[in-house]
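Novice: In case you want the letters, here they are:
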Amino acid sequence: MSEAQTMNTTMTPMLDVDNFTLGYTNAEGRLVSVLRDVSLQVAPGEALGLVGESGCGKSTLALAMMAFLRSGSQVQNGTIRFHEQDLFALKPKMLQSLRGGRIGLIPQNAGQSLTPTLKIDAQLYEALKLHSDLPRSQWRQRAIELLQQVRLPAPEAMLERYPHQLSGGQQQRVAVAMALAGQPELLILDEPTTGLDVTTQAHILELLRTLRQELGMAMVFVSHDLGAVARISERIAVMYAGEVIELGSSHQVLLQPTHPYTRALLDAIPRLDAEGLPPSLPGYPPKVGSITQGCAFAGRCPHAQPICSEQDAPLAALSGHQVRCHLAGELKRPASDSKVVQLPVQSSDEPLLMLEQVQISYHRQGLMDALLQRPAPVATVDGIDLQLNKGETLALVGESGSGKSTIMRAISGIQPARNGQIRLKQDDLNLPVEQRSKALKRRVQMIFQNPDASLNPRHTVFEILQQPLKLYFGLNHDACRDKAAELLSLVRLAPHYLDRLPGQLSGGEKQRVAIARCFAGDPDLILCDEVTSALDVSVQAAVLKLLKELQQQRGVTYLFIAHDLAVVKAIADQVAVLYQGRICQVGPVSEVFTGHHHPYTRTLLNAVLEPDPNHQPVIQGDDCSEQYPPARGCAYQRRCPLAEPRCKEQLPPWKTDGGNRIRCHLELDALATLIDRPQMIKAVNA
Amino acid sequence: MLKLILQRLAMALFTLLTVCVLVFSITEALPGDVCTAYLGRDAQGARLENCRQARNLDQPALQRFADWGTGVLQGSLGTSLKRDKPINDLVATRMRNTAVLALGAAVIGIPLAIFLGVIAALRRDRPADVLISGGSIFAMTIPEFVTATVLVLIFSIQLQWFPAVTTVRHNAPVSELLPNIVLPMITLALVMMAHILRMVRSAMIDVMASDFVQMARLKGVPFWRIVCLHALPSAMLPTINIIALTVAWLLGGAVIIEQVFNYPGIGTLMIRAIYDRDLPLVQAIALILATVYVLCNLLADLSSLALNPRLRTTR
Ligand SMILES: Nc1ncnc2c1ncn2[C@@H]1O[C@H](COP(=O)(O)OP(=O)(O)O)[C@@H](O)[C@H]1O
Ligand code: SF4
Ligand code: SF4
Ligand SMILES: [Mg+2]
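Chains as they are written, first to last, in numbering that gives the first Met the number 0: chain H, 0 to 685; chain A, 0 to 314.
Accuracy of the hints is not assured; some may be wrong.
[Claimed, not checked] In silico negatives: residues of chain A with every beta carbon more than 12 angstroms from chain H: (1) 11; (2) 19; (3) 28; (4) 71; (5) 141; (6) 150; (7) 175; (8) 210; (9) 215; (10) 224; (11) 275.
[Said to hold, decoys possible] Some but not every residue of chain H turned toward chain A, in silico, with C-beta under 8 angstroms: (12) 68; (13) 98; (14) 100; (15) 106; (16) 133; (17) 492.
Quick caveat, the hints were computed from the structure, so don't treat them as lab data. Owing to the predicted nature of the structure, the values given are computational and were not obtained by experimental measurement. Where is the CB? At the ideal position from N, CA and C, for every residue including glycine.
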């Protein structure tokens, strides 16, 4: 056992991972280690956070804590013990009763982890049948209690639903209820809030905190999001390339980070209270199995010494704070190793994109509707007025379903607007994409969230870049090749990438290729749909910086969708807050974030997490997602804590404060004072 | 849900109507008519005239289509030329025979194919899978008459367990038919199983790798319960259409196999009708087969609805 057993010396740990090394046989037939010499303990009732970039082994370790190995994996060394029992030595029957019973799992994507062909009741009853002594007659009662415990409204109705009939937040709550059915002593949470809206995430985290207090479970909380980990964990283990490189209390790790990697990771997180772009972490984590000796971080570390790549870094323990670094004792924090990037804004007053009273609806009035004289449902997006100057960035923010992507689809012509005007300078963008001229198509380009889906896996990078070059400029093969290499250098990729396939690139590199492809057309307007949300924070910072630099060099204009408000603050000049397809607030970033807030903007800002154990998000209203915008009045009326009777009837007017415009019936001063009303701040999520 | 079912039904009816029109127009478009085709070299003079009058061929095409259509709607498929009998009587027993054969093959073949497909998927790339998958590819590639001949060689000629060809009349009671259907049934089952099995195998491999199956394991659900309850329904979804096509193929009379075994089914009847240039009979059989296909596909759609909650419910 490692010497760092300073915590809980009197109590034996509930879970004891001891010198655990796990490998798998890779494509070349070599056994490579994904986890190396991992030692950590979890005491009863304690919450441990596991953080690190994607691919560093977090989920592998979490699943190994349930003795689950992906196919092809094997334990090379060490043990994982649960109450003194070696998990990998258990008989299958014992393991089955442990999994989902005393050790429960809450998966990342509950939507895909619930069986799509079984109703919620069947799935909960199954857990009760396997892991409780309750007779069949009491399952229903218990299932309802469990759904109430995870604060789901109308539990009886919920039992009758199929997973796809629930929203993302509800699915996640059902997954929690299912784990609770086994009365777990240890709950393993694998990225339980990744992919959820900020508001939903804040609610789920709050629920997990409450449940832990009520039930006294221990938790292992896996996430790449240090803000989420900070909300739950008492101790945090930072992983890099399969090793635990820093382990300590959340205060130690988040406020006095010592390992250079932890510091870089924390620095790369965009913050609401910081100016400019966060510094990025150069390079990529090493490939699994490529590091056989020395510190795995040496290739990216700003403090690396010759000794670092020659000798494995020892695990230094400083009063319960373990750091795997040769220089652990010498690296003192004052703060970061890197500086915030400030790039000057170079926008002009020349309007490029104009949206006037744009209305978009997915509904088509069919023959039956006409015959039965059914009225058309309320439009998905309505009354959008936006103007964007050349060289500027406008961000659209709002929860999922708020119509951000729909507006982009209208601008790109995939889902043309039903009413209103969209113009790019003088040119009409109301045309569907098929009717647009080649030149017009060239001037509006898109980058998507998931480069895996937007890059053809069977085309080389050159072929991917060649398509727009041929299409828009009619270049021949050699000219394409030169131009493609030039584009790659624009996105800071070496020319030898031209002959690679997307499968051979990392997530960040793929996104760079997607950006290069988009610049191949030399566009005026680029639509960026959540372009960094699938990336790790360290990579995200680099991609944001690249986008900003390209904007300066090329004078392009961005329409930017992001759910992370701190990212928006870092990159955008203007921001529009959308709720149910209606703009609530719009204006320059500085004024919208610091000036008066629309109640919805306030809700979003309050839910933002910080990688700081002392920070508490404020939770308002409930997180139920609405299906349809209200037909009359304010779009936010159903969730607004300040709603008045007139909000249900009359469309609220615009209130202006400099460039900051807010659509609300209340006076701006009233918004400012009422916003901190104590009853608003407490969670009212019944 | 009800709306969806009604939509599918309407679609099926519409397809059948189109098929009626098509079948009739194709026969019209052929050079000559039923009588010239049937009489062949004798198609001239009074014989031709008589024949045409007897079959109302002197009436305009639209009128005849209306008559034929009315007949079909009233359940009468017309009269056979060669045999001069109501087609209904000719078709009924043959269809029964084919149905008995098809049912037998389906009842054995489909569950066995699903079972073997699941086993192959679960033992992927291990001996059991190699054997099953290899066997199914083999069964797919050799022509069905070869399979039939080999079976006849072994079971009729060597072992003498079952008759090699059917000797009973087409209207014999089912009990007399039974020993005769064993070999064609096994042949049919072998041929159809391969397709279903391969589809089940690949769907099952995908589903077993899905997040919800992994979750079920980590929930402590016993292995076979995961396979049957969590995985199989999803794996069956892409398989349903293949099964429907197979059943349609079986019911449509597996012509070659019926020929090899001289089995008095609808396939054999069709071949005869074509030889005899008995156009009304060909027309009627074509219509029946089309109906079988449409019904099987309708059934497949309805089963998909039953199996896939996403199709049947709204958010
Ligand atoms: N293809 C579609 N058909 C019908 N409704 C759709 C379609 N795509 C999106 N919607 C609806 O449009 C609304 C806005 O969605 P979207 O633009 O994707 O929002 P966001 O980008 O903010 O997540 C949602 O209520 C969604 O259900
Ligand atoms: S051991 Fe060396 S390379 Fe590794 S983190 Fe410490 S200083 Fe950097
Ligand atoms: S108009 Fe009314 S409901 Fe809408 S945000 Fe203002 S106070 Fe809330
Ligand atoms: Mg979206």
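Novice: Now, for every hint given, state plainly whether the structure supports it.
Specialist: Do the hints match the structure? See the list:
| no. | hint | verdict |
| --- | --- | --- |
| 1 | 11 | 20 angstroms, holds |
| 2 | 19 | 25 angstroms, holds |
| 3 | 28 | 34 angstroms, holds |
| 4 | 71 | 30 angstroms, holds |
| 5 | 141 | 34 angstroms, holds |
| 6 | 150 | 38 angstroms, holds |
| 7 | 175 | 44 angstroms, holds |
| 8 | 210 | 4 angstroms, violated |
| 9 | 215 | 7 angstroms, violated |
| 10 | 224 | 8 angstroms, violated |
| 11 | 275 | 48 angstroms, holds |
| 12 | 68 | 11 angstroms, violated |
| 13 | 98 | 4 angstroms, holds |
| 14 | 100 | 6 angstroms, holds |
| 15 | 106 | 6 angstroms, holds |
| 16 | 133 | 16 angstroms, violated |
| 17 | 492 | 32 angstroms, violated |
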